[in-house]
Amino acid sequence: MSARPVALAIHGLHVDLGGRPVLDGVDLDVERGELVGLIGPNGAGKTTLVRSVLGLLRPRAGTVRVDGHVVRPRRAGIGYVPQRTEFAWDFPISVEQVVMTGLVARHGLLRRPGVDAWRAVGRALDLVRMTDLRARPVGELSGGQRQRVLVARALVLDPSVLLLDEPFTGLDIPTQDILLELFTGLARQDRAVLMTTHDIVSALYSCDRVALLNRRVVAAGPASELRDPALWTRTFGVAEGSPLMRVLGAA
Amino acid sequence: MPIQDFLADLLNPDLRFLPKALAVAVMSSIVCGVVGCYVVLRGMAFIGDAVAHAVFPGLAVAFVVSGNLIVGGTVAGVVTAVLIAVFSQTRRLREDSVIGIFFVGAFALGVVIISRAPGYAGSLEQFLFGSIAGIPDRDLVVVAVAGLGVLAVVLALHPQLVAVTLDRESARALGLRVFWYDLTLYVLVTLAVVISVQTIGNVLVLALLVAPAATARLLTDRLAVMMGLAPVIGSLAALIGLYLSWSWDLPVGATVVLVLTGAFLAAWLLAPRHGALTHLVRTAS
Chain A
0 MSARPVALAI
10 HGLHVDLGGR
20 PVLDGVDLDV
30 ERGELVGLIG
40 PNGAGKTTLV
50 RSVLGLLRPR
60 AGTVRVDGHV
70 VRPRRAGIGY
80 VPQRTEFAWD
90 FPISVEQVVM
100 TGLVARHGLL
110 RRPGVDAWRA
120 VGRALDLVRM
130 TDLRARPVGE
140 LSGGQRQRVL
150 VARALVLDPS
160 VLLLDEPFTG
170 LDIPTQDILL
180 ELFTGLARQD
190 RAVLMTTHDI
200 VSALYSCDRV
210 ALLNRRVVAA
220 GPASELRDPA
230 LWTRTFGVAE
240 GSPLMRVLGA
250 A
Chain B
0 MPIQDFLADL
10 LNPDLRFLPK
20 ALAVAVMSSI
30 VCGVVGCYVV
40 LRGMAFIGDA
50 VAHAVFPGLA
60 VAFVVSGNLI
70 VGGTVAGVVT
80 AVLIAVFSQT
90 RRLREDSVIG
100 IFFVGAFALG
110 VVIISRAPGY
120 AGSLEQFLFG
130 SIAGIPDRDL
140 VVVAVAGLGV
150 LAVVLALHPQ
160 LVAVTLDRES
170 ARALGLRVFW
180 YDLTLYVLVT
190 LAVVISVQTI
200 GNVLVLALLV
210 APAATARLLT
220 DRLAVMMGLA
230 PVIGSLAALI
240 GLYLSWSWDL
250 PVGATVVLVL
260 TGAFLAAWLL
270 APRHGALTHL
280 VRTAS
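Chains as they are written, first to last, in numbering that gives the first Met the number 0: chain A, 0 to 250; chain B, 0 to 284.
Just chain A, with the same shape it has in the complex (with noise of 0.2 angstroms):
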């Protein structure tokens, strides 16, 4: 694994919100090829992280590399897919049409996509298995699917890096499964997949590598290097007799 390239690489990210240190410190790698799942309690920064990769926010420290160059603010040139919730679904929108405002910078003003957009958001469609609804108004999607349209927005640029914030939240089990399965194909298309999640069970099991987040990363590695009860306590804050260690104990 240590062979690919790195293609996200945070190093010594420091942020502060409203005078108080959210973030303090965070290191983190990650390959093209792999999909990393990152994990921790309310409060921890995980949604700071992930504003400060795209970067909406200002770090008072350290750095973010997409393929080695530094992130520019609103330039990051990463495939983000925000929570479902942040998304207006009622919107009288076809799929394809929403996977098209993906590339909505690019075009800049006055410009209409042309056939390469269409060919773009075709692609995208095709790799999260969506093209079948192409036309379909979004407000009619079920959740796996709309959390699939946003997968197939994120990916019309053709990103190196895919941040997904939250993808499971109010997703059957089943759905779940399918979801991840596609994530893991998507990493193995020579990219770099992270995701924040609260879904620990599925990330250990899916995720070629885990990063426990609470201000900092606490560890990080492939699901048998986290086994340290110790880890857990201190990232969640939690006893050891709590059902989470319970859990992790079975797991």
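Heads up, a few of these hints could be off.
[Stated by the list, open to error] Per label pair, the in silico range of CB-to-CB distance:
(1) Val237(A) to Leu269(B): 54 to 62 angstroms
(2) Asn41(A) to Arg272(B): 36 to 44 angstroms
(3) Leu276(B) to Pro173(A): 32 to 40 angstroms
(4) Arg3(A) to Leu269(B): 56 to 64 angstroms
For the record, the hints were derived by calculation from the structure and aren't laboratory data.
Backbone N, C-alpha and C define an ideal beta-carbon position, used for all residues, glycine too.
Keeping the supplied structure of chain A fixed, place chain B upon it in accordance with the hints.
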């Protein structure tokens, strides 16, 4: 009144104000119908209401100093829109509270200013509820130019406005300046309101902005169709409203708004896919 008599009146040289009022009402309906689609889809009807009221002090100042009402209203509306956009950036107060403060404040300022003018009650009523009389030829041109300008900006920025409406964080991540697109939309709403205020009136103009777009939304799941349908619905309501108002000597703004409300209720009941009655019939069969 038979429709042919109305048509004859429209062509009667002694009633030149009537075709002018119709032209302004239809142009206003087209612009409000298009801009109103964003207002409805972004759930910003309250902002539309705020801007509609906020143009009032500008109209009042223009009236008192005998200036151009459209310029006065636009300046006041844009200033208020900017203030709302700036004050809403602080997360201590929710946007609706900021809007509530500024629009009532601006409206109150308008009432105070116009109360200093002679003939206070008559002018106030004309501003609040609209009038078909007294539209100067110059305003007809200004409304046409401003309306075309608004439609051109909408056409140019449509993909960006859609992206910002769908999901703001992703739009930011894509490099779009969300604040400036918000502000642009507020200014477009202001211009749509200002060109409509004279015929429809300050209090009722919100209906022209919201009702045609909301009605169109009930009739279609496609944005392009919605943005084509809303101006058609608004224009037909303006035509029918003016006809009814002329026939029965009713206030024109209120009559247009009642026609729009009727159209909305009809769509709510009978829309092919989403109508309440349609749904009932489909469930029963």
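We went through each hint and held it up to the structure:
Distance hint check: the CB atoms of Val237(A) and Leu269(B) are about 57 angstroms apart, consistent with the given range 54 to 62 angstroms. For the pair Asn41(A) and Arg272(B), the supplied restraint of 36 to 44 angstroms holds, since their beta-carbon distance comes to about 40 angstroms. For the pair Leu276(B) and Pro173(A), the supplied restraint of 32 to 40 angstroms holds, since their beta-carbon distance comes to about 37 angstroms. Remark: the range hint 56 to 64 angstroms for Arg3(A) to Leu269(B) is upheld by a beta-carbon distance near 60 angstroms.
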